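**Student:** Chain by chain, the residues:
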Amino acid sequence: MNLKLRPEKYFRYLHLPGLFGARRTKEILSVNPTIIPLREEAHEVAVFVFDYDANSIEEKNLPGVEDCFAYKTSGHTTWINIDGLRKPDVEAVCNHYAVHPLIVEDILSVNQRPKMEESDGSFFCLLNMLYYDQDKQAVNHEQISIIMGKDYVISFQEDAIQDVFNPLRDRLKIATSKIRQHGSDYLCYTMLDLIVDNYFVVMEKLGEQIEEVEEEVVRGNNPRSLVRITQLRKELIVLKRNFSPVRELMNGFLRSDSELLDDRTIKYFKDVYDHIVQAIDLVENYRDIIVSMQDLHINNVNLKMNEVMKVMAIVTCLLAPATVIGGVFGMNFDAIPYLHNQYGFWAAVTIMLAIPVWMILMFRKRGWF
Amino acid sequence: MNLKLRPEKYFRYLHLPGLFGARRTKEILSVNPTIIPLREEAHEVAVFVFDYDANSIEEKNLPGVEDCFAYKTSGHTTWINIDGLRKPDVEAVCNHYAVHPLIVEDILSVNQRPKMEESDGSFFCLLNMLYYDQDKQAVNHEQISIIMGKDYVISFQEDAIQDVFNPLRDRLKIATSKIRQHGSDYLCYTMLDLIVDNYFVVMEKLGEQIEEVEEEVVRGNNPRSLVRITQLRKELIVLKRNFSPVRELMNGFLRSDSELLDDRTIKYFKDVYDHIVQAIDLVENYRDIIVSMQDLHINNVNLKMNEVMKVMAIVTCLLAPATVIGGVFGMNFDAIPYLHNQYGFWAAVTIMLAIPVWMILMFRKRGWF
Amino acid sequence: MNLKLRPEKYFRYLHLPGLFGARRTKEILSVNPTIIPLREEAHEVAVFVFDYDANSIEEKNLPGVEDCFAYKTSGHTTWINIDGLRKPDVEAVCNHYAVHPLIVEDILSVNQRPKMEESDGSFFCLLNMLYYDQDKQAVNHEQISIIMGKDYVISFQEDAIQDVFNPLRDRLKIATSKIRQHGSDYLCYTMLDLIVDNYFVVMEKLGEQIEEVEEEVVRGNNPRSLVRITQLRKELIVLKRNFSPVRELMNGFLRSDSELLDDRTIKYFKDVYDHIVQAIDLVENYRDIIVSMQDLHINNVNLKMNEVMKVMAIVTCLLAPATVIGGVFGMNFDAIPYLHNQYGFWAAVTIMLAIPVWMILMFRKRGWF
Amino acid sequence: MNLKLRPEKYFRYLHLPGLFGARRTKEILSVNPTIIPLREEAHEVAVFVFDYDANSIEEKNLPGVEDCFAYKTSGHTTWINIDGLRKPDVEAVCNHYAVHPLIVEDILSVNQRPKMEESDGSFFCLLNMLYYDQDKQAVNHEQISIIMGKDYVISFQEDAIQDVFNPLRDRLKIATSKIRQHGSDYLCYTMLDLIVDNYFVVMEKLGEQIEEVEEEVVRGNNPRSLVRITQLRKELIVLKRNFSPVRELMNGFLRSDSELLDDRTIKYFKDVYDHIVQAIDLVENYRDIIVSMQDLHINNVNLKMNEVMKVMAIVTCLLAPATVIGGVFGMNFDAIPYLHNQYGFWAAVTIMLAIPVWMILMFRKRGWF
Amino acid sequence: MNLKLRPEKYFRYLHLPGLFGARRTKEILSVNPTIIPLREEAHEVAVFVFDYDANSIEEKNLPGVEDCFAYKTSGHTTWINIDGLRKPDVEAVCNHYAVHPLIVEDILSVNQRPKMEESDGSFFCLLNMLYYDQDKQAVNHEQISIIMGKDYVISFQEDAIQDVFNPLRDRLKIATSKIRQHGSDYLCYTMLDLIVDNYFVVMEKLGEQIEEVEEEVVRGNNPRSLVRITQLRKELIVLKRNFSPVRELMNGFLRSDSELLDDRTIKYFKDVYDHIVQAIDLVENYRDIIVSMQDLHINNVNLKMNEVMKVMAIVTCLLAPATVIGGVFGMNFDAIPYLHNQYGFWAAVTIMLAIPVWMILMFRKRGWF
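Residue numbers (the numbering used here), protein chains in the order written: chain A, 102 to 470; chain B, 102 to 470; chain C, 102 to 470; chain D, 102 to 470; chain E, 102 to 470.
Since the hints were made in silico from the structure, they are not lab data.
None of the values given here were measured: they were computed from a predicted structure.
Check each hint, because a few of them may be wrong.
Because identical chains share one entry, a pair is satisfied inside a single copy or across any pair of copies.
To be verified - The list that follows gives simulated cross-link-like pairs (lysine-lysine, DSSO-like), each with its CA atoms no further than 27 Å apart:
1) 341 <-> 237
2) 251 <-> 161
3) 306 <-> 251
4) 188 <-> 173
5) 371 <-> 216
6) 274 <-> 405
7) 274 <-> 188
8) 216 <-> 173
9) 237 <-> 279
10) 368 <-> 188
11) 161 <-> 371
12) 216 <-> 251
So that you can see chain A by itself, here it is in the shape it has in the complex (with noise of 0.2 Å):
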């Protein structure tokens, strides 16, 4: 029994994957491998180094992630980024670097809430890149981690179709840039921002197809709108579940009084927390515009609706006495006065017309169409 498949398979028709909690990969349940089975392991994995300081820089893709392990002792700020997960190769750099057990564990398991640790000598951080898939309308997520040391940053990403950290690199080879002059914990600020940055383009495209949803309601003329809105209220699902954690996340940057944090870097970090703060409140204020239009837009159907079935409700009413006036001429009695009369057909039309009119002037007045 394979119960990993089973969350995604649902949550592709949801689209929501980034909303299914944990399920770890344990050391206690590999006894059992069965109930909950392993991470799918990445097909390849590429590894690449940056090892800087202000006055000279190494830029690598290594074949191996054992051959970044010498650059621990280089002396320099080491970044090493490893796209793709695979159990040994974690498990390898962790050990070389220290890491707790546990740790490993949460790099390895899927859909982790997002979390920050300080330990001595490290602070370990875990989030969610976000992308807006245009083709399925729906917010995609990629798991980030980063583990930052006295002079090292070290990242792992589920894979690496939309590297998010490319301006980085582009920066870091301008020996007079800011993050040159600093330490690994300006590195990880500068990653940590361009992920909270990205967290506002996708908001930005899903305040597109708000104002697409909302054009629609205004103009009333789309019977599917609801579910787009009430697919739009289970993305707006997914960036709170995803935006809140990180607020904690940097608040437990901000709090901390390690030595790995400069006085300078706390305020870029502060930064970054503002962002989030504001992202958040974005993603509550977009739900209110879209509850307001959910009511908004099913007081429109129901209004066309009952406007197209009042005046059905109309016009088989007015007809209705004429129908009356017509049955009562067309009974056959012997004595049916004015039925001999030559001009009687035509003071029944006459009536028949009338009553309607007479009819439509008191509905008027009384403003009902």
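Once you have looked at the hints, place chains B, C, D and E on chain A.
**Tutor:** What follows is chains B, C, D and E alone, placed relative to chain A:
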């Protein structure tokens, strides 16, 4: 009068076995035993003992609870697991291990709120194991009490139908496992971790239910969907009621500065705390999804109903003018024009057809169907 | 103008006796006694006293409150219970035991919010005993005030129709009971415990009501269900209003560091605290269930109504074409084809039947019924 | 442009005099007095003074505010009450008692949020007296400012139509009353207590309104009930807006460690705090009741409407088959069977009656009416 | 790709200019300038300087920002106001006054969340000036940044269309005004006070809108009311989003123990804090009113619709029996009774009329219309 039976009857109906509050077996009230009867006693009690340290392990199924008393002074870590609650047995064990009478009461009573208490020399925690009953499509629960002392852990289960601790037994037999290297605190952690991990299995089952219901709602073909949605909402209330106090419970361990908890083990308790927070989060998200699904479902039902009513109203309305014209020329006046004309009938029929056609065109223009 | 009578009239109507706020008998206002009259005085007052320690017990029904004054210096623990509130009696007792005038006011006034006050040498707590009135299907309440001093407990009840303290009296007579071994703090705990335990009996009654209403709602056969649901919501408001302050009250005992509370007794107060938390939890859950039941009910009513309207609309619609055809061949034109044909009538009738049959098939295909 | 007039006009319409926020008369803005004009000045000002201690009392109505200056050094407790706010008067008194200019501003401006400020040597508190206006069925308010110093209390009222302090005056004249035995802090407590007690009178009036509306809703015979419910909801918003800050205000007194407040008086302030908490609680409960009444009302209206529509639809539907049959035998075909049969007519009529009867039976069977 | 333009387009549509989150101009991202372009630069920049103390004042409009550098060492309090944001100008000024680069970024970026930062030697705060645009019936905003140092205040405005600081300039010229007696902290307070006071003007405008909408809703004659209600709800979201952080901002000043803030000035900041709390309160109340108005409106629309449908259904239903009777006597059977009777026709017509009259009486009796 047997009050105890009622809540169970009631909640069997509601499928909410975990909801009804504590009806305790109180010393004070036992003078009037007809008001609140004692918990129904278990038919049979199964006792097994693990007595282990890093080097040796002894595993035994014991005939009675008295046989486990000797292990108190074994010098190793002892795990005593008792399946089935019988008042004399529980009291005997608890007296032997000097457990407070109020805790004995808690163990023996049903439907307790999860809680945790630290007294000098031991920790007591009580929580519910949750199972998803596929037949009744409802969440069942079994109360588990754990007492952890310096070198012993005593666990009480209501019965042993589905033993969640099986993986733990297998693990204990492996001499090199972490659990053998640590003391009773790590054993206690492992048990809590297994219980909380199982919560995710239950939530996954609910997730599948939600998926099914959502498919139904989107296809819009099942009038009973709302009953299912209501039931899922109730299941989520049960989960929330069980999860929230477990967070407090775990927090109690984290805040404790007891010597019983090793500094290295605290990290593991923090891990379980993170998972229960994640589970609470997830329940909240499920609830949001269910509520927005309910909105969608109710709207879909209305939409479909409205569509039917609209078509009916339109058809009735379209045919009304023809009825009137039929009536007009069915009157028995002597002088009705065109009555003797050769094409009179065809003209009338043409008008009968033309009016609805014109109405259809006009309705289309206004976007009414 | 007698303002006091009004809220009672009002809430008898609403079945919300516990909801209306405190109208106190204030010293200041008593210069203008017509504005807020004094509480209606009890017709008769019953006083009984238990004077006990571990070895001896004395139980007496006293003719007047003055007769209990002598027990103040008995050296044993004294429990004075006064059923029925009469201003002179309460003031006499309270003066004798040096109770603050504001507390006397609280005891004498009606509809107080549960509260607890610690002053030097004594604890005062006021809360409501709740009863479920089967006839009116409403929750009634009786105000109980408890004053606990070093070796005495004084309790005031509004009247003694259903005395919740009966089990306590029986228990007191048993020389080996815990209550005889402890002092006034344990006596006070026992009383609070009995009151809070009784809350669960009331909730169970409400639980049965909810069960009945839910059965009705699921069967969908009672248009008055919503009135019952509304009433249950109001009963739950009463419960919540009574429970929440009791939690604060118990918390007040737990946080107190008075010498009056023995360290061993605190554990028992913690136990009552746990139960009231559980009761509050349960009220919250009941509320959620009731709200989702209301949604279900309203939807069921709509669904059923819609089904009826749909069938009516369909039948009317199916017969409309036949009416038209009847009208067509009922016209009096000279030249109507097939009128003289032998099978003309049958052809017309066949068409009259064929059209509804075709319509039914089409509606079925679209899933309209 | 006179902005001040607008909010008043607006809220006269809305019956929400207590809702609109503070428009203050600011020193800065007074250079441009047309933007925010000063508060409309009172036409006449009434000043009275009580100067008392336990032994003596002097009561005077003074012609102008300057005449009360002498009492500052009387050595007794002085209560100066000023009805009607006129800028020069308020400034004169406040200058004499060294009150901060910002507080003078607060006193003079309208629609302030209740607040309390402690500065060295004095307490300032501002709150609203509430009246229920029977004619407009709305809650009115009057702003009251109280300044309490070591041996004086100064109170400012907007006008003196309904003077809530009358009982206090009567009480002051009684030499043995508590108020004469205590200082200015007890006087201040008495005033706050009178104001808060009056809130309960207002709530009682609203309670009667709610009772009336509920009777209407349960009888279901008034289409305007929703308008009344909406208005009651708004009145409750006014109350909540006035009550919540008063709790903070009272809390400010309780937390203060000023020497002005005697330890014995603090108990009395705690009493007022308890009452305002109770009032807030009650407003919350009223709100819950009103919301559930609104649900009930809307559902009742729908239910009744649906009943009418159902009967209409059923009658129309029952008669449709008869119309068709009439049409069939009204056709002019030559060969219509049974047309010449003696019992043909009666057979047709029988069928016409039989079909609706059969329909009625079937509808009954399905529980449709 | 110009992402910046999109949110503005979007929010122009939504009339929510203040909602969309911060898109900052980041140093890091500027390596890839096409992703997030810089803020659109102002076309022209207006600089004016006030340099004053209690005795003297100098006021100047300067051609460029560099000309104000000299005032730094003037020894007086200097206020530099810059209308129009141009990157080089802002950077030049900020460099001269040693402002942190992150603050420069905040000043230059759009749609920032209001915030406040205290660093050694200066305070920075950023908030939005709000204007009510009568034409678009929407709330507009302009970002204002204020930097306050020991003897200077620098303010940056996006543009100077409606200058809220005009009253301040007038005030400054009066030698005896308080503002001339105090330092830069009082100047800063005055600016914040003017901005917050202006919030009340905006809310008053919204209040008038709410009044209009309510009149419409109570009269019930505008189907577009819901669109307006939805828009007002969105405007209130904008207000709330702008007000809540300003409370934190003011709180930051109150909690600060900087030497820059004089003890006497703190009282004034507390005053502004009170006003923003009041504004937040008011927004909350407006929201409650709008929601209850929306309920009322939807119900009114349904009520009116239902009335029309009811009348139509009743008229149709009343005429149905006459149609049937007409059909009965229109049948062509040979033997129809009373057909040849002289009064047969009149009897039939009488029945035709009698049935609806009887129906009307019965409907009336049941209170159906």
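**Student:** Honestly, which of those hints from before does the structure not fit?
**Tutor:** 3, 6, 9 and 11
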